[in-house]
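These protein sequence lines are chains A and B, in that order.
Heads up: the first sequence runs through residues 51 to 511, numbered per our numbering.
Heads up: the second sequence runs through residues 51 to 511, numbered per our numbering.
Hints should not be assumed to be uniformly reliable.
All copies of an identical chain are treated as equivalent in the list; a pair is satisfied when it fits inside any one copy or across any two copies.
[What the hints assert, rightly or not] Pairs of lysine to aspartate or glutamate residues, derived as EDC-like cross-links and limited to a Cα-Cα distance of at most 16 Å, are as follows:
1. LYS407 - GLU195
2. LYS407 - ASP65
3. LYS407 - ASP132
4. LYS407 - GLU67
5. LYS407 - GLU93
6. LYS407 - ASP310
7. LYS407 - GLU138
The hints are simulated quantities; they were obtained by calculation from the structure and are not laboratory data.
Note that the coordinates shown come from a computational prediction; the quantities given were computed from them, not determined experimentally.
Number of protein chains: 2
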Amino acid sequence: MADERAAQDDREEVDYELDADLVDQILEAVEAADSARLIDLIEPLHAADVADLLEQIGGADRRALLRLWGREIDGDILTEIDEAIREEVIDALPRDVLAEAVRELDSDDVVDLIEDLEEPQQEAILGALEDADRAAVEQSLTYPEYSAGRLMQREVVTAPEHWTVGEAIDFLRAEEWLPDQFYHIILVDPRMHPVGYVTLGRLLSSGRVVPLRDITEDSFRTISVLQEEADVAYAFNQYHLISAPVVDEDDRLVGVITIDDAMAVLDAEHEEDILRFAGVGEDSSLSDTVLETVRQRTPWLLVNLLTANVAAVVISQFSGTIEAIVALAALMPIVASMGGNAGTQSLAVAVRALATKSLTSSNAGRVVRREAMVGAINGLFFALIMGAVGYLAYGSAMLGVVLGMAMLINLVVAALAGVLVPLMLERFNLDPALASGTFVTTMTDVIGFFAFLGLATLILI
Amino acid sequence: MADERAAQDDREEVDYELDADLVDQILEAVEAADSARLIDLIEPLHAADVADLLEQIGGADRRALLRLWGREIDGDILTEIDEAIREEVIDALPRDVLAEAVRELDSDDVVDLIEDLEEPQQEAILGALEDADRAAVEQSLTYPEYSAGRLMQREVVTAPEHWTVGEAIDFLRAEEWLPDQFYHIILVDPRMHPVGYVTLGRLLSSGRVVPLRDITEDSFRTISVLQEEADVAYAFNQYHLISAPVVDEDDRLVGVITIDDAMAVLDAEHEEDILRFAGVGEDSSLSDTVLETVRQRTPWLLVNLLTANVAAVVISQFSGTIEAIVALAALMPIVASMGGNAGTQSLAVAVRALATKSLTSSNAGRVVRREAMVGAINGLFFALIMGAVGYLAYGSAMLGVVLGMAMLINLVVAALAGVLVPLMLERFNLDPALASGTFVTTMTDVIGFFAFLGLATLILI
Chain A
51 MADERAAQDD
61 REEVDYELDA
71 DLVDQILEAV
81 EAADSARLID
91 LIEPLHAADV
101 ADLLEQIGGA
111 DRRALLRLWG
121 REIDGDILTE
131 IDEAIREEVI
141 DALPRDVLAE
151 AVRELDSDDV
161 VDLIEDLEEP
171 QQEAILGALE
181 DADRAAVEQS
191 LTYPEYSAGR
201 LMQREVVTAP
211 EHWTVGEAID
221 FLRAEEWLPD
231 QFYHIILVDP
241 RMHPVGYVTL
251 GRLLSSGRVV
261 PLRDITEDSF
271 RTISVLQEEA
281 DVAYAFNQYH
291 LISAPVVDED
301 DRLVGVITID
311 DAMAVLDAEH
321 EEDILRFAGV
331 GEDSSLSDTV
341 LETVRQRTPW
351 LLVNLLTANV
361 AAVVISQFSG
371 TIEAIVALAA
381 LMPIVASMGG
391 NAGTQSLAVA
401 VRALATKSLT
411 SSNAGRVVRR
421 EAMVGAINGL
431 FFALIMGAVG
441 YLAYGSAMLG
451 VVLGMAMLIN
461 LVVAALAGVL
471 VPLMLERFNL
481 DPALASGTFV
491 TTMTDVIGFF
501 AFLGLATLIL
511 I
Chain B
51 MADERAAQDD
61 REEVDYELDA
71 DLVDQILEAV
81 EAADSARLID
91 LIEPLHAADV
101 ADLLEQIGGA
111 DRRALLRLWG
121 REIDGDILTE
131 IDEAIREEVI
141 DALPRDVLAE
151 AVRELDSDDV
161 VDLIEDLEEP
171 QQEAILGALE
181 DADRAAVEQS
191 LTYPEYSAGR
201 LMQREVVTAP
211 EHWTVGEAID
221 FLRAEEWLPD
231 QFYHIILVDP
241 RMHPVGYVTL
251 GRLLSSGRVV
261 PLRDITEDSF
271 RTISVLQEEA
281 DVAYAFNQYH
291 LISAPVVDED
301 DRLVGVITID
311 DAMAVLDAEH
321 EEDILRFAGV
331 GEDSSLSDTV
341 LETVRQRTPW
351 LLVNLLTANV
361 AAVVISQFSG
371 TIEAIVALAA
381 LMPIVASMGG
391 NAGTQSLAVA
401 VRALATKSLT
411 SSNAGRVVRR
421 EAMVGAINGL
431 FFALIMGAVG
441 YLAYGSAMLG
451 VVLGMAMLIN
461 LVVAALAGVL
471 VPLMLERFNL
481 DPALASGTFV
491 TTMTDVIGFF
501 AFLGLATLIL
511 I
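The following block holds chain A by itself, in its conformation from the complex (with noise of 0.2 Å):
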């Protein structure tokens, strides 16, 4: 696999990453303040790009890349930029550009700029909107973080479920306003029901006088307004959704998800998954200072100094034994180690299972024993690895035993102990992401140590 994404890579020329050449050329422009030259080289790029290369150059350059460039920003940009440095670049827009650049933006995007700022940074967004976007951003933002509602945009084009293709057409024909993306057109009884959608597809091909009914799709479905978004995307990716209407505790359609935003959340949840997993705060980005990243970081590694400190109570329970054998000081971590990394690997397998829903309470009872065979037929494996290299280099038959059965013991742990904990977590309507690695491998050192220890006291002493 690794040789084969080189070769990948060999053959490939578009990689999406910024040049580093244009990078340069942009500070160099920006150390000459040669603004022309700026607009000049940042005009081609894609507001993605422009956002990242923001984020990707230093304080200093950013400040001063903005004082100027910034005239130039527009809504796209911002609605790209890390929240990391989202405060910083609307702080230092001119507020008539930063009006401007709102203006411009549909609900949800405009809602996804401001849920995370501060009062004052909100106040001006919202006072730069027309009334009714107000309103509807205001609307918004009163559904919870992270739900549907928050993701939604309120621009909805519907068709009372009664028309024809000739009818629709004509509609959208005369229509003033349209989205500038949308893929469905949403039926509606009378009291605003989502009843079926038609893809534009479907419309441009049938007749006129077809009825919208007839060519409704199968795939249908509507998403709560409180859902949360997580479930969201994942619903998106299970059925292959497009578009999909959101609905109110009345059933009453209230806005429309597309799938570009849904993508963008599974991403999200992605990051946090595997930042979780390694035990990092979920809002990490590289444009974090040193001491937001410290902040960040710190409190896993504390809970982690707990646990690594019960590890060594239970080694210091048997220090008797290690001044009589000390050779078990240097084997012993082996043991903690191998625990450490099984337990890690089944965690790992249960989460992302448990994330996309393939764990669940009809095959849990048989993943944990699958779990328990796995655990005790590696633990056998490598038992008699570590019992043979116990043996040889330490000419001790005895010795080898003990280091095998600890071996297998920690192993089986391990692996009960990855798929157990995340199912508890899921239980409790915890994140089972939640079980960082930390727990896992606290669990296995400190089962680890005292298998191995006390086997050897029992055995050997």
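Assemble chain B onto chain A, guided by the hints.
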């Protein structure tokens, strides 16, 4: 965050997990060999949920279910089924059902279905296709695995660049055949080079006389047929693409990729990242057998066994020191464990930043310096704590100093290793996610034990 999620879980009803009661009822119907009831129960489910059902039940139940219900399987269900059980399901189907099922699929779905099958199964499916479809699928299979060519569908809706809106609409009306889902019309020049695209929404809302060229989208981007699929997924997410034309080496249009396929790739890439990070073979699934799972997990455990033995050799060099001060044996795992955790944090951030192209050659130097600073600050903080613990618990100020110094050294090494190892792999065109935690924790184990026991030997003995 945990509390927030719990609250959200309460207020939402749908979480898209297969209903456990339904699964029980289905298994009862299988038990009773009641195929009419089975059809009633499964019929309302989405194809993706039927696939999940087949994956989640045990092997014996699955075979019994397929015997009773296999004739109902359609192509959509086949494409959703996890690779781990796909061969088994295909083998269980009567030939005529299989042929019927694949004939209704788009070319990209057939490719996806058969690319990992054995030769005879591939032949059985290809043989069921009509000649034109078979040729299209065989052509796609000539592109490298994990390339855009495998991902694209060959069914494309195009229009000559000089057409008007009216001409395009008349063409769509008259066309017998159109893909199930399409969102854009791709404009091509006479030599089939794509020159732009028009969304169906713009087409519908524009007057008949408007030239298509006047309403093309700014977001237009072509994708090379040899582009790696992970980069394709990145481009869709980064540039908010909904569909993108795929071109060959001569820039000629050969197919189109839609966002739902890109989203599935993004999801699979993330799965691979988190599993590799934890040292699991990437093709892992809950439907794998016990032996399959052992086979996936053993290689990294073997690597870890080797490296753990290196750490043991380091420790055994200091057996004289440990014999003299047995407390060192209890304290040394604390230093190693803190280093392992800090290194894993730094590694997760770096691997993720490389995947999102936010860690580049332009900012690598700054990021490495930042990590070193973070390591130093955390190192000082934990050095002070552990120094104090060492002094208070063991009454030796110098033991506290040794513990603190080793902690500081190891946390700086951990932070640097976490970012330098994946950067180096990337430089050599290897996948940075290969730098599973194992590498970094080995380094921090070895350095941690060496620094702590070495300093103890110098200062305390």
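Status of each hint after checking the structure:
no. : hint            : in the structure
1   : LYS407 - GLU195 : neither (23 Å within a copy, 27 Å between copies)
2   : LYS407 - ASP65  : between (32 Å within a copy, 9 Å between copies)
3   : LYS407 - ASP132 : between (29 Å within a copy, 13 Å between copies)
4   : LYS407 - GLU67  : between (33 Å within a copy, 6 Å between copies)
5   : LYS407 - GLU93  : neither (44 Å within a copy, 20 Å between copies)
6   : LYS407 - ASP310 : neither (22 Å within a copy, 19 Å between copies)
7   : LYS407 - GLU138 : neither (39 Å within a copy, 22 Å between copies)
Checked against the numbered hints above, the structure breaks hints 1, 5, 6 and 7 and satisfies the rest.
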